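Protein chains: 2
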Amino acid sequence: MINLAFITGNKHKVMEASILLKEYNIEVTQVSSEKVEIQSERLEEIVRYALESVRLTNRHILIEDAGLFIDSLNGFPGPYSSFAYKTIGVQGVLKLMEGMENRGARFVSVAGIKTLQNEVAIFRGEVEGVITHKPRGTKGFGFDPIFVPKGSSKTFAEMEVKEKNVFSHRAKALRRLAEWILGRRR
Amino acid sequence: MINLAFITGNKHKVMEASILLKEYNIEVTQVSSEKVEIQSERLEEIVRYALESVRLTNRHILIEDAGLFIDSLNGFPGPYSSFAYKTIGVQGVLKLMEGMENRGARFVSVAGIKTLQNEVAIFRGEVEGVITHKPRGTKGFGFDPIFVPKGSSKTFAEMEVKEKNVFSHRAKALRRLAEWILGRRR
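Chains P and A, in that order, give the protein sequences. Anchor point for the first sequence: position 8 equals 8 in the working numbering, and the numbering is continuous, going up by one each time. Anchor point for the second sequence: position 139 equals 139 in the working numbering, and the numbering is continuous, going up by one each time.
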């Protein structure tokens, strides 16, 4: 069984990735290792630089970065979603959206792998949806309580991980990554 | 006369630095060169990494990073002020501050130099102030129209560069940097 060292401090991401990648017979272990996150509006650039900055060499490395891009806020909070969550929070984003009719938004995830053979591959997943008027649900993390993906009436925070993985940006990016891994092993 | 290559895309910063550093007989030239900006809540870390990332070796390098840290928003927008300015803008920050009695904020600047001899030195400047209820003034850049420094009744955007340099975070950091340079030449 392949094992990926997921370099992240976010245990929710590890849980989502573990449950999803199990379908592909890929195992995930959370590892805390130094990585450099650059400022960029392109998540691919952030993930590529981070993969190159990791000094751990005896493992397959997985790094994932994600952001919520809100149409009427010109893509805010985007790559800085976790800082925005920590400072202004869900309530801050709802306040910014007060009176705005266009509630369109998308969650974007970019997942990258650096293999033991030092190959790097990067995959993107996106999900369109809308920003609610009030937070709903207690599962998930970050801005999950205010995002309803297209095709559902629930917020991400009202879904179990398995259901969130049907819709989510992160699941889409990780499926592409898993298929790349499996394709290479055949 | 010493000349510093100021690696920045912001011509307002270059103007402020030029006018201030002239007092110290130091000249500033705007240079566009690649630099890596990392994500960090510590401006010193951002500036140190950026200085190390610059490949230009035949010049004294100046890099400066700044942010507006608003008390009641837990330090938002902080190091990501320029992204916040581009996306939600001055109006977005004022909307976040609606109904907030604590208008306290501070502008922080960190200026760093990497000399021809490859010495690195980093200096911090801060200015306390308040966030206005409406934007005022057309000078300066970024969040200048909504920040009134302690000791003045004008916003930064209502001040000429010379007056802004009496109060500003950037001027304070650059004065420290200039004194360091001059101290070394004696």
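I should point out that these hints are in silico values taken from the structure, not numbers from a laboratory. For clarity, every value in this text was computed on a predicted model and none was experimentally measured. One should not assume that every hint holds.
No copy labels: a pair is met if it fits in one copy or bridges any two.
Below, computed lysine to aspartate or glutamate pairings styled on EDC-like, alpha-carbon distance capped at 20 Å [stated by the list, open to error]:
#1 Lys162 <-> Glu98
#2 Lys22 <-> Glu52
#3 Lys86 <-> Glu128
#4 Lys95 <-> Glu27
#5 Lys139 <-> Glu119
#6 Lys150 <-> Glu34
#7 Lys154 <-> Glu128
#8 Lys150 <-> Glu179
#9 Lys86 <-> Glu41
#10 Lys11 <-> Glu98
#11 Lys134 <-> Glu98
#12 Lys35 <-> Glu52
Each hint, compared with the structure:
1. Lys162 <-> Glu98: neither (32 Å within a copy, 39 Å between copies)
2. Lys22 <-> Glu52: neither (26 Å within a copy, 41 Å between copies)
3. Lys86 <-> Glu128: neither (23 Å within a copy, 22 Å between copies)
4. Lys95 <-> Glu27: Cα proximity of Lys95 and Glu27: none, with 40 Å in one copy and 45 Å across.
5. Lys139 <-> Glu119: This pair counts as neither: shortest intra-copy Cα distance 35 Å, inter-copy 50 Å.
6. Lys150 <-> Glu34: This pair counts as neither: shortest intra-copy Cα distance 36 Å, inter-copy 40 Å.
7. Lys154 <-> Glu128: within (13 Å within a copy, 44 Å between copies)
8. Lys150 <-> Glu179: neither (24 Å within a copy, 58 Å between copies)
9. Lys86 <-> Glu41: The answer is both: 19 Å in one copy and 12 Å across copies each meet 20 Å.
10. Lys11 <-> Glu98: The answer is neither: 31 Å in one copy and 34 Å across copies each exceed 20 Å.
11. Lys134 <-> Glu98: both (11 Å within a copy, 18 Å between copies)
12. Lys35 <-> Glu52: both (8 Å within a copy, 16 Å between copies)
When held up to the earlier numbered hints, the structure conflicts with 1, 2, 3, 4, 5, 6, 8 and 10 and fits the remainder.
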